Amino acid sequence: MRCNSAKVMAVGTLFLLGATPAFAETAVSRVDTGDTAWVLLSAALVMLMTPGLAIFYGGMVRRKNILGTMLQSFIALGVVSIQWALIGYSLSFGPDLHGIIGDLSWAGLRGVGLEPNADYAPTIPHQAFMAFQMMFAVITPAVISGAFAERFKFGAYLLFVIFWTTLVYDPLCHWVWAKGGWLHGMGVLDFAGGIVVEINSGMSALAAAWFIGSRRGYPHEPMLPHNLPLTLLGGGLLWFGWFGFNAGSAVASGGLATAAFVATHLATAAAVMGWLLVEWKHRGKPTLLGAVSGAVAGLVAITPACGFVGPVAAITIGLVAGAVCYGAVVAKFRMGYDDTLDAFGVHGIGGMIGMVGTGLFAAVAINAAGADGFFNGGAALLGKQVLGIAVGAAWAFGGTYVILKVLDKAVGIRVTREEETQGLDLAQHGENAYTM
Amino acid sequence: MKKIEAIIKPFKLTEVKDRLIEIGVQGMTVTEVKGFGRQKGHTELYRGTEYNIDFLPKIKLEIVVIEEQVEKVIEAISGIAHTGQIGDGKIFVSSIDETIRVRTKERGKDAV
Chain E
1 MRCNSAKVMA
11 VGTLFLLGAT
21 PAFAETAVSR
31 VDTGDTAWVL
41 LSAALVMLMT
51 PGLAIFYGGM
61 VRRKNILGTM
71 LQSFIALGVV
81 SIQWALIGYS
91 LSFGPDLHGI
101 IGDLSWAGLR
111 GVGLEPNADY
121 APTIPHQAFM
131 AFQMMFAVIT
141 PAVISGAFAE
151 RFKFGAYLLF
161 VIFWTTLVYD
171 PLCHWVWAKG
181 GWLHGMGVLD
191 FAGGIVVEIN
201 SGMSALAAAW
211 FIGSRRGYPH
221 EPMLPHNLPL
231 TLLGGGLLWF
241 GWFGFNAGSA
251 VASGGLATAA
261 FVATHLATAA
271 AVMGWLLVEW
281 KHRGKPTLLG
291 AVSGAVAGLV
301 AITPACGFVG
311 PVAAITIGLV
321 AGAVCYGAVV
331 AKFRMGYDDT
341 LDAFGVHGIG
351 GMIGMVGTGL
361 FAAVAINAAG
371 ADGFFNGGAA
381 LLGKQVLGIA
391 VGAAWAFGGT
401 YVILKVLDKA
411 VGIRVTREEE
421 TQGLDLAQHG
431 ENAYTM
Chain C
1 MKKIEAIIKP
11 FKLTEVKDRL
21 IEIGVQGMTV
31 TEVKGFGRQK
41 GHTELYRGTE
51 YNIDFLPKIK
61 LEIVVIEEQV
71 EKVIEAISGI
81 AHTGQIGDGK
91 IFVSSIDETI
101 RVRTKERGKD
111 AV
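If you read the protein sequences in the order shown, they are chains E and C.
Once you know that position 421 of the first sequence is 421 in this note's numbering, the rest is easy, because the numbers rise by one and skip nothing.
Once you know that position 69 of the second sequence is 69 in this note's numbering, the rest is easy, because the numbers rise by one and skip nothing.
Isolated chain E, as found in the complex (with noise of 0.2 Å):
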């Protein structure tokens, strides 16, 4: 909902945070600095995450691994920006076309300009809302690729990125969160990218999990963390980044950037004490692992919900995803998949906790641009999270799926056995991270 005149929703929340309104209301699209350097602040927050999420990733796979599958996060960061200028912004945001896709009149940013676009933010300059929206879609794919670390190969990694951030990616993004998007006009709401950014990228790392196969010589073969300080650096990264990912998604400074500023933290406190507590209850340890993985889920969880719930419902939202997607990763070795970081175990069922949350507790009194939700006597909204979920599910699973199953056709999509035994570090990049 970062779409809708975000000064209104700001001023909302202020008055019931008790604080002073202290502007004045203008319908004129007028650049604001404050909102503007907030958010080009959040948008450089965000950027932070993708190589966070590689030192997260990177510390959870085996030695061997460890610098294929940190570029496979930070790549995105080179492949998608520029997809984005050329025709990725495009695609997601620019004129509707039936309600299912942007047309190319944006195409090179083209008329996206220093002017504020009254649809998306109208108090910064639209390339600042472009640049903010860029660092989302890159670090989606980035997320995908803990599906399949330790086995893919780089240079089909990279299609597949270009070919999902186009096919999957922005079509997805246009019908959440564009103006004319058939899902926005449902009133699906996501306020900063649980279905777009996580659901999206948990099915396709199921997808992707479940096609390219296991590890070789898993589950026999214990595959353990090699470096669990880098996972616990990179979890801070993504949680302090994540408040621009989320406060930034109300598009302006001020009082909805503060709600979904504390419901952020608040919930992803709840998540890392949701995830201990089982974890310890379940295995008789509470682990730092366990934590960090926690926290990320309560980050993915509170991502829809942010700006539509007040602080308890999010410490709710957080420990139940804590608590859930510690049993969904435990799940995942009965389900027989081998989704080697747990991307869909955290973010996928983390996403559709959020979402669900958001229907469930999502009040006009925080953010008068969203609805009521089920527990403040809204129960038409649960349904359309839901069916947010449904659709979000199975775009990004059939779309993943079938990329794979055309680029495996085309060039192979997996590293060889020798490759894979020796370790991408070397097999596929020629050096290593860890020498004499």
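For the record, the hints were derived by calculation from the structure and aren't laboratory data.
Please note that a few of the clues may not be correct.
[As the list claims (entries may be wrong)] Lysine-lysine pairs mimicking DSS-like chemistry, simulated, CA-CA at most 27 Å apart:
#	chain 1	residue 1	chain 2	residue 2
1	C	Lys40	E	Lys285
2	C	Lys34	E	Lys285
3	C	Lys9	E	Lys285
4	C	Lys90	C	Lys9
5	E	Lys64	C	Lys40
Here the structure is a predicted model, which is why all the values come from computation and not from measurement.
We have chain E; now place chain C onto it with these hints.
Below, chain C without anything else, positioned relative to chain E:
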């Protein structure tokens, strides 16, 4: 000349080293190794799943001494590294044909 290879619990290394220096050992080589004996492995927990880890971390000491020192070294290591718990390690003794000090080219006992 004999080579003594001792596999010990990692936390015993400093004590063992100090004792060996006390009894006149001139040098040693230490390696972090993994392995198992009767102790077998242990379990580790990652994201709610228990993994059986067969190979436990141990320290391998390699010391080359003249024959007269062998028993003293064995006594020192087996005394200090001993906890009485399973997994205390093992000591292997083998013969060394030749030792050469790289800097001076000295050979045999003089180089040990």
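Results for each hint:
| no. | hint | verdict |
| --- | --- | --- |
| 1 | C:Lys40 / E:Lys285 | holds, 21 Å |
| 2 | C:Lys34 / E:Lys285 | holds, 24 Å |
| 3 | C:Lys9 / E:Lys285 | holds, 24 Å |
| 4 | C:Lys90 / C:Lys9 | holds, 10 Å |
| 5 | E:Lys64 / C:Lys40 | holds, 26 Å |
Hint compliance for this structure: no hint is broken.
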